[in-house]
Amino acid sequence: MPQPGRIAFRCLCDRRTESVSCAVVERGRLLVWLAVLVGLALIALAVVYWAEPAKSLPSWLPGHEAGSNHHHVKHGIASFLLGLACLVFAWFRSAGPRPRSAAA
Amino acid sequence: MPISYWQAIVLGLLQGFSELFPISSLGHSVILPQLLGWNIHQNDSYFITFLVATHLATALVLLGFFWRDWLRILRGLGRSLRDREIAPDDTDAKLGWLLVVGTIPAGLLGLLLEHKLRSVFASAQSAAFFLMINGLLLFAAEALRRRAPQAEEGDPDDRIARRISWRDAGGVGTIQAAALVPGISRSGVTMGAGLLVGLSNEDAARYAFLLATPIIGAAAALKLPELFGSQGNGVRGPALVGALCAAVTAYLSVRFLMRFFETNRLTPFAAYCLAAGLACTLYFLV
Numbered sequence: 000m001p002q003p004g005r006i007a008f009r010c011l012c013d014r015r016t017e018s019v020s021c022a023v024v025e026r027g028r029l030l031v032w033l034a035v036l037v038g039l040a041l042i043a044l045a046v047v048y049w050a051e052p053a054k055s056l057p058s059w060l061p062g063h064e065a066g067s068n069h070h071h072v073k074h075g076i077a078s079f080l081l082g083l084a085c086l087v088f089a090w091f092r093s094a095g096p097r098p099r100s101a102a103a
Numbered sequence: 000m001p002i003s004y005w006q007a008i009v010l011g012l013l014q015g016f017s018e019l020f021p022i023s024s025l026g027h028s029v030i031l032p033q034l035l036g037w038n039i040h041q042n043d044s045y046f047i048t049f050l051v052a053t054h055l056a057t058a059l060v061l062l063g064f065f066w067r068d069w070l071r072i073l074r075g076l077g078r079s080l081r082d083r084e085i086a087p088d089d090t091d092a093k094l095g096w097l098l099v100v101g102t103i104p105a106g107l108l109g110l111l112l113e114h115k116l117r118s119v120f121a122s123a124q125s126a127a128f129f130l131m132i133n134g135l136l137l138f139a140a141e142a143l144r145r146r147a148p149q150a151e152e153g154d155p156d157d158r159i160a161r162r163i164s165w166r167d168a169g170g171v172g173t174i175q176a177a178a179l180v181p182g183i184s185r186s187g188v189t190m191g192a193g194l195l196v197g198l199s200n201e202d203a204a205r206y207a208f209l210l211a212t213p214i215i216g217a218a219a220a221l222k223l224p225e226l227f228g229s230q231g232n233g234v235r236g237p238a239l240v241g242a243l244c245a246a247v248t249a250y251l252s253v254r255f256l257m258r259f260f261e262t263n264r265l266t267p268f269a270a271y272c273l274a275a276g277l278a279c280t281l282y283f284l285v
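Top line first, the protein sequences correspond to chains A and B. Per numbering that gives the first Met the number 0, residue 0 is the first one in the first sequence, and the count goes up by one each step. Per numbering that gives the first Met the number 0, residue 0 is the first one in the second sequence, and the count goes up by one each step.
Chain B extracted, bound-state conformation:
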């Protein structure tokens, strides 16, 4: 069996929480097997199949966690399409179209570049290096943020819809594509970009999770046939176990992070990424 159940549990738990914490799940999925001496490489077809299952679980958890929001957003999108305008006071419609505008460039870049970038940056060494870069990016986002860190009142969706322009939405969405490089965190760069366009930490985290759901879900759905096809032979059992573990940690992570960012900043994650990236880079060099 290419992935044992024990490895599936460890990688599933890791994937679930590192996908939502701004610390790069892909980077950790590349570095950890190397550190533990496991013969698992990110471009192995069975490992990609395994990742599909864990990503799908994460996307479903995100969808479930924010299901009321998604329902409102979808209704808002429908309303605006029917009326052929986004009413100025229709927060749900505005937020929905901001998410669409953000998802299109990320989706396009992901579709066109994913395979190439995965091939180029496949090694654990490069993942460790980019984990350091991720830490620096998070530090920079906190340093250059437009809004002082403070608790805010009112509806978060309303704040997001008011503060993000269409251009900002495109920019924040596009920067998600940086997460195709193992070591760069999707939620990290999205939250960082959210801070730069004037969101608070809480709103940036919320926007990042909403923005991540369609991308992670679509990426997983696109590769779902591989899980049920011949590539999934021998890996479906561990993939299911890994997916369940990922679902549990993803749920706990999103609950924790939504509270954490009400009063806290990206700085601890930046410090972790910098330290872990540096330590792993030195370890792989020696």
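Extracted from the complex, chain A is given alone in its bound form:
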């Protein structure tokens, strides 16, 4: 049984539902790009957390503390893991159509 995330891509060949498919595919692509951007941003944020002490972090970031030399390693790990998860999601989500097996 195909996964829901895949249906959009697999519908491409179906001419009768072409317009619907295109809209769904566009939404899917947007989601993939969004996941990639968010993933990369979170990984960049992780590097900032590891490299900069708490006093040098932008004030809007969680963990900012004036005068503190503490490095928020854990915040960095959390951010990195979330970023990685976003990229993995994009990797699966952006897979192209696959030939169905005879049994399917």
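Keep in mind that the hints were calculated from the coordinates and are not lab data. Bear in mind that the values here come from a model prediction, so they are computed numbers and not experimental data. Be aware that one or more of the hints could be misleading.
What the hints assert, rightly or not - Subject to a maximum C-alpha distance of 25 Å in a straight line, what follows is the list of computed PhoX-like cross-link-like pairs (lysine-lysine):
#1 B:LYS222 - A:LYS73
#2 B:LYS222 - B:LYS115
#3 B:LYS115 - A:LYS73
#4 A:LYS54 - B:LYS115
#5 B:LYS222 - A:LYS54
#6 A:LYS54 - A:LYS73
Using the hints provided, position chain B relative to the given structure of chain A.
Then chain B, alone, in the frame of chain A:
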């Protein structure tokens, strides 16, 4: 020496079995020193260092016990990444990603909240109170379970992969974070949540142990530098002894529990937590 060898043996043995039994290892590590009049507190840096060693030992035992499963799961993860899909009949890949989905929220909450929760709920009194709550949660999970308790046939991983949805995996993983509060058991809440999403006791226990391995291992690995740094001075010997004791009891516990849950339920542990929590709460109040 902040922790004597005798204390290390007792705490190591206790940690090894209470980490895997659904009775809260952290709760017991907080309550027992208080009951015995030991001058050990869970926020003392040397005690945290000691706990790192015992947790690492427990994680290694779990990894060793399920090593064949982990190998299959890792291969499944690799296969799915290569193919960019989780094949419907690839149980190992599905189980692997369920574990990833469950580990992410627990890991994030653990990273962000561990220190704060430890500070707030540091006392033995609160650990005893939450041990009671843990007992009630286990009772509730058994009462509200979706599947009748009975022995099942077939591959347990296949059953787990079929019955747990992605949302369930996220929910079960997230609830693990409740174990950051001393007195609430990680394996207990995970097993309880497993019952609520339709697993049997045996499968819930298996899933809980698989889910616990990366979290316990990562938490210990993250604090490993403290064991080998200046904080570990004077505590490395007892920590090693405690870790060996924890490894022995963790191995015996996981062997026992995997058989126990083939035919038994969480109820005895729920009763123990309720009774022990109540007794300790009253003792600390008087």
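**Q.** Earlier hints that do not hold, by number
**A.** Failing hints: none at all.
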